[in-house]
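Chains as they are written, first to last, in the numbering used here: chain A, 1 to 206; chain L, 207 to 538.
Heads up, some of the hints might be wrong.
[As the list claims (entries may be wrong)] On the chain L side, residues computed to face chain A include the following (Cβ under 10 Å): (1) V247; (2) H336; (3) S527.
[Unchecked claim] Example chain A residues on the side facing chain L (calculated, C-beta under 8 Å, incomplete): (4) A90; (5) F91; (6) D97; (7) P162; (8) D166.
Simulated from the structure, these hints should not be mistaken for laboratory data. These figures come from a predicted structure and were not determined experimentally. All C-beta atoms, glycine included, are put in the ideal place defined by N, C-alpha and C.
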Amino acid sequence: MKTYDTIEVAAWIDAMVNELHALLQQEPDLALIGIRRGGVDVARHLASGLAARVARTAGHPDAHASAGAGAGAGAGEDTVDIPFGELDVAFYRDDFDRIGLHPIVGPSMVPFDLDDRHIVLVDDVLSSGRTVRAAMNELFDHGRPARITLAVLVQRHGHELPIRADVVGHALDVADDDHVELDASAMIVRVGARDELARRRDEVVQ
Amino acid sequence: MSLPDPQLGKGGTLRHLLDLDSLDATMLTRILDTAEGFTGVNDRSIRKVPLLRGKTVANLFFENSTRTRTAFELAATRLSADILNVDLVTSSTSKGESLLDTLRVLEALQCDLFVVRHGDSGAAHFIARHVGDTITVVNGGDGRHAHPTQGLLDMFTIRRHKGRFDGLIVVVIGDIRHSRVARSDIAALVTLGVAEVRVVGPRTLLPNALESLGVQVYDNLDTALDEADVIMGLRLQKERMRGATVPSSGEFYRTFGLTPERLARARPDALVMHPGPTNRGVEIAADVADGPQSVILEQVTWGIAVRMAVMSMIIGDRAASDHQKSMMDAST
Numbered sequence: 001m002k003t004y005d006t007i008e009v010a011a012w013i014d015a016m017v018n019e020l021h022a023l024l025q026q027e028p029d030l031a032l033i034g035i036r037r038g039g040v041d042v043a044r045h046l047a048s049g050l051a052a053r054v055a056r057t058a059g060h061p062d063a064h065a066s067a068g069a070g071a072g073a074g075a076g077e078d079t080v081d082i083p084f085g086e087l088d089v090a091f092y093r094d095d096f097d098r099i100g101l102h103p104i105v106g107p108s109m110v111p112f113d114l115d116d117r118h119i120v121l122v123d124d125v126l127s128s129g130r131t132v133r134a135a136m137n138e139l140f141d142h143g144r145p146a147r148i149t150l151a152v153l154v155q156r157h158g159h160e161l162p163i164r165a166d167v168v169g170h171a172l173d174v175a176d177d178d179h180v181e182l183d184a185s186a187m188i189v190r191v192g193a194r195d196e197l198a199r200r201r202d203e204v205v206q
Numbered sequence: 207m208s209l210p211d212p213q214l215g216k217g218g219t220l221r222h223l224l225d226l227d228s229l230d231a232t233m234l235t236r237i238l239d240t241a242e243g244f245t246g247v248n249d250r251s252i253r254k255v256p257l258l259r260g261k262t263v264a265n266l267f268f269e270n271s272t273r274t275r276t277a278f279e280l281a282a283t284r285l286s287a288d289i290l291n292v293d294l295v296t297s298s299t300s301k302g303e304s305l306l307d308t309l310r311v312l313e314a315l316q317c318d319l320f321v322v323r324h325g326d327s328g329a330a331h332f333i334a335r336h337v338g339d340t341i342t343v344v345n346g347g348d349g350r351h352a353h354p355t356q357g358l359l360d361m362f363t364i365r366r367h368k369g370r371f372d373g374l375i376v377v378v379i380g381d382i383r384h385s386r387v388a389r390s391d392i393a394a395l396v397t398l399g400v401a402e403v404r405v406v407g408p409r410t411l412l413p414n415a416l417e418s419l420g421v422q423v424y425d426n427l428d429t430a431l432d433e434a435d436v437i438m439g440l441r442l443q444k445e446r447m448r449g450a451t452v453p454s455s456g457e458f459y460r461t462f463g464l465t466p467e468r469l470a471r472a473r474p475d476a477l478v479m480h481p482g483p484t485n486r487g488v489e490i491a492a493d494v495a496d497g498p499q500s501v502i503l504e505q506v507t508w509g510i511a512v513r514m515a516v517m518s519m520i521i522g523d524r525a526a527s528d529h530q531k532s533m534m535d536a537s538t
């Protein structure tokens, strides 16, 4: 099992924030939507990173902006309030006929109008592309975005669909049967055999 | 010898939904949690998810019910299932075709799920035991026995408002004897661990041995309402009554009608619920049914999400077990 620690993962997030910040300057009405669950965690880090970056470029290093629809942050002129949403793709997955309904579902939350907006869709790991397909299908049931940019923390091979990320934190070259997992509480990425990662999770719980 | 519970499949899956009596708190909570996931679908520009695309749900109504049929129909439509409304009240059963013959025909039409509404208690169980492996059954109300989706949507409404079940005092008023809703509600409330279920009504409308269900029986509505958190009214089901069991509607209202004065005895934040249709001035005062504590219309709305959850869980669990079986067959 290989582990990428908090510092390494933070650098990946940072690289993504750089790219997205450039995008944000061209298109101020950008919105972030994370795919539950790992994608939402990554999206939150991106949102706060972007807010800090905007504040810094405006010359106020202490200015504190927050992500999420109106959460916290007094609406100072140097703060950004990037619309933030969460998708639960359980109702759009293509394996319903194989595994049934995912046991944990929550309502998707898209608390803004996404018609004609540029959506940055965020996930933790891109491999087969099936989750992203499901997420895009769902997005179009919420409205008609002008553009969708895909941002992922980790891109690995294993593509089964013609879907590639536009913004990538880190490209990992891993064995086909290895599993890549984001531990969102510490922002650590682990790579290993599926059962090995599961054992590791059990140890942490104990 | 008792038969195994036909509702549950291997590994705690939901095979059919026939009543709430044998479902444990884990299963009830799983259904309520899943329903929570569907609540957002109503707020989107496209109020539909593709989950049951290509599946067929047949509404088999042997007894009239516009409300329940429409609610199931809407839920199935929102799941992208195809829906077949089979009106059996006036159809082949009256031409002498047996129930089993009717079922065989509907099976041959390759439906995936039957929603069954029937005037006889036990009809849904009977159908579930006699359908082929490919079909699942959801009870949409059978006789006096059970109305599990109504029970679930009532639990969902309570949880939405109170956030919990422990510590709650719930009062069920009126015609318990003829009420499948009351039976399903009581079963779920007891399983989910409310502090107390109080049942109150004229003795003629209370079944015998009611206490064995884990409820407290009251004769006086005023006393029963003290400190109540949830008050559930029931419709006086005249069509199911044989012989005079209630002197008159006016008499019933005077003794057991939920009036604003009586409601004041309950906690100020007590919920007023009713499965509908309400008889205003019989079980409940119009001012109470339409008042600020009433969640009667909300119950109808949540009924869609709850039925979406039930149908997708049952069809999903079925599909998963079929898939597993075919994988095993392929490997042997």
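Structure-based check of each hint:
no.	hint	verdict
1	V247	holds (8 Å)
2	H336	violated (24 Å)
3	S527	holds (8 Å)
4	A90	holds (7 Å)
5	F91	holds (4 Å)
6	D97	holds (5 Å)
7	P162	violated (20 Å)
8	D166	violated (25 Å)
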